[in-house]
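Undergrad: Heads up: the protein sequence lines correspond to chains H and C, in order. For the record, in the first sequence the residue sitting at position 158 is 158 according to this note's numbering, with numbers rising by one throughout. For the record, in the second sequence the residue sitting at position 45 is 45 according to this note's numbering, with numbers rising by one throughout.
Don't read these hints as lab results, they were simulated from the structure. C-beta atoms are modelled at their ideal positions from N, C-alpha and C, and glycine is treated no differently. Errors might be hidden in some of the hints.
What the hints assert, rightly or not - Covered by chain C, according to a simulated footprint, are these stretches of chain H (three or more residues, beta-carbon under 8 Å): (1) 58-70; (2) 121-127; (3) 205-219; (4) 254-262.
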Amino acid sequence: MLHFASIGLSCLLLLGTFAAPCSIRTTGENEVTYSDSTVVYDDNVYAPLASSMQSFSIPYNSREFTKYDLAIFCPTYTFAPTVGSCAPIAASNIVGFYDRYDENLIPNHKSGNLVGSWYAYAIEDDAVESVIRELHSLMGTTATTGTTEKQFLDGLESFCKSKGKKMETYSCMSGKSFSFSKARSYIEDSNMPIALFLSGYNVGRRLSQENEDLLSFYTSDANHVMVGFGYSTYIYQTSNGTLTKNYFNVASGIDGNSSGIYDISLSTKINDALAIRIY
Amino acid sequence: MGWSLGAAGVAVSCILIVCIAIFYPTQSQQTIYWEANFESRASTLTELNTEVHDFTFEIDESIYSIRLKRTSDSVSNDLLYYTIFLNSYDSLVKMELVAVCNPKFEYKDFEFLQAPTSKSLPLYNVLYEFETRPDPQFDLEWLSCTAEIDGKQDIVYVRKYEELLVQPDPAFFDIIQTIVKPVK
Chain H
1 MLHFASIGLS
11 CLLLLGTFAA
21 PCSIRTTGEN
31 EVTYSDSTVV
41 YDDNVYAPLA
51 SSMQSFSIPY
61 NSREFTKYDL
71 AIFCPTYTFA
81 PTVGSCAPIA
91 ASNIVGFYDR
101 YDENLIPNHK
111 SGNLVGSWYA
121 YAIEDDAVES
131 VIRELHSLMG
141 TTATTGTTEK
151 QFLDGLESFC
161 KSKGKKMETY
171 SCMSGKSFSF
181 SKARSYIEDS
191 NMPIALFLSG
201 YNVGRRLSQE
211 NEDLLSFYTS
221 DANHVMVGFG
231 YSTYIYQTSN
241 GTLTKNYFNV
251 ASGIDGNSSG
261 IYDISLSTKI
271 NDALAIRIY
Chain C
1 MGWSLGAAGV
11 AVSCILIVCI
21 AIFYPTQSQQ
31 TIYWEANFES
41 RASTLTELNT
51 EVHDFTFEID
61 ESIYSIRLKR
71 TSDSVSNDLL
81 YYTIFLNSYD
91 SLVKMELVAV
101 CNPKFEYKDF
111 EFLQAPTSKS
121 LPLYNVLYEF
131 ETRPDPQFDL
141 EWLSCTAEID
151 GKQDIVYVRK
161 YEELLVQPDP
171 AFFDIIQTIV
181 KPVK
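Bound-form chain H, shown alone:
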C-alpha cells in the first residue's frame, strides 16, 4: 500500500515538474526587455548592437538525425507595427498556430489547409496584421522599450480572454537552465509551440552535402522573442568524436529570415522558454 502511495506521490511530483502550468509572473528589477533591435535606446543615444552572418561546416563520417515539426508549413508572420515589435509578432505566430483549432482567434483569416494528412499554414494577411497591432497594444510594446516577458504573457492572456479562450504556459527550464528535452517533449507529445526569450539569437539554414553539413546563420546580440514550432537533433560521428547539435525550427519574426533553424548553443542565451497552450 505504502509502495503504491509512494509511486503515486512520485508521479504527482513528476507531473508537477514537467506539466504544471506556470502562474507566477513577477517583474524583476533587472527584467530583460525584448525588442530585437540592433539599436539600444539609452537616453536617446544610439548604441548599435552587433549582428553578422556566420558560416561554417561540419565534416562527418556518419550522421543520424531526429526531427519533429508541428506542421509542414508553420506560421511565419513578420509584420512590425513599430521597431522592437518582436514580442507581439511572436505572440501572433502562436495565436496563428491555434487559429487552426478555432478560426475565431484571427477573424477573416483562413489558417491554412491540409496537405494529405499534414497541415500547412497560410501566409500573413491583413487580418493577421490587425491581430499583431492588437497584441502590440495589449502588451504595451514601444519602439524605445520593447516588451518584457511579463508584458508578453499578460498581453497574450488578455487577447485570449477577449476571444473567450484560456491560456496556459509550461516551463521548459530546469532551475535557471534550459532543458531541450522538456521543450522537445512539449512540442512532440503535447503539440505546443515554444516561446523563446533570448539574449542574443541566431536564425540559419543548413545545406547537406556528402559527409559534410554547411551552415549559415544570421546572428544578433539583441534581446529577442521567437517561436519554436519544431526541433531537430543531429548526432555526428566526426574524426574528433561525437558531436551533438540541437536546433529549434523557428518562426523568427524577422523579415527576410522569417523561418529557419535556431542553434541553441550559438551566440545565444535562453533566458526563458515556455510551451504555450491556448484552449
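Go by the hints and put chain C onto chain H.
TA: Frame of chain H; chain C shown alone:
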C-alpha cells in the same frame, strides 16, 4: 630646408589625391543605411512593378496567395527592397523573394553556402544552389533552393524556396520564370 618642405608638401598632396581616387568611387556608390531606420509596409504588385527597373513580376493569384512588403529608409525615404511571400494554394510550393531595387543599397542577408551553380535559362541567367531533403516525419521529399538573378540595376534574391517533390524533376526553373520576367 625650403626644398624639403616643398617636396613633403607635394608628397602629401599626391597621397591625398591617390586616396581620394581609390576610395571616392566606392564610397559614392554605396550609401550606409542603418537597419534601425528601416521601415516596412504592405505593398501591391502594381507598386512593385512600377519601382523595379529590370524585371516584371507576374503572379497568378489563382495559384498563389501573395504578400508584398516594401522596405524603405525612414531617414532618407529611399526605397531599399521589396519582399514577396508566396504560397501555392495546393501548399506544394512556398517561397520568399527579395527584389533589391536601390543600387546604392547593399543587401547583406543573403549568401550562398557553397559556390553556386550557374544556369542559362531562356529568360535570364540564374545562380543557384539546390538540396533535396528527405523528411522522415512526413514521409515526403523536399527541394530547398536559394538563387540570385542579376539585372542591370536590380537583383532578385530567392531567399527561400521550398517545393514538396511530387514528381522527379523539380519545377523551380519553370516556376521562377513564370513569376520573374525581364522587362522587354
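Undergrad: State for each hint whether it applies.
TA: Evaluated hints:
1. With 3 residues having a Cβ less than 8 Å from any Cβ of chain C, the segment 58-70 of chain H passes the three-residue criterion, so the hint holds.
2. With a cut-off of 8 Å between beta carbons, the segment 121-127 of chain H has 5 residues touching chain C; three or more are needed, and the interface restraint holds.
3. With 8 residues having a beta carbon nearer than 8 Å to a beta carbon of chain C, the segment 205-219 of chain H meets the requirement of three or more and the stated coverage holds.
4. Counting residues of the segment 254-262 of chain H whose CB lies closer than 8 Å to any CB of chain C gives 5, which reaches the minimum of 3, so the coverage claim holds.
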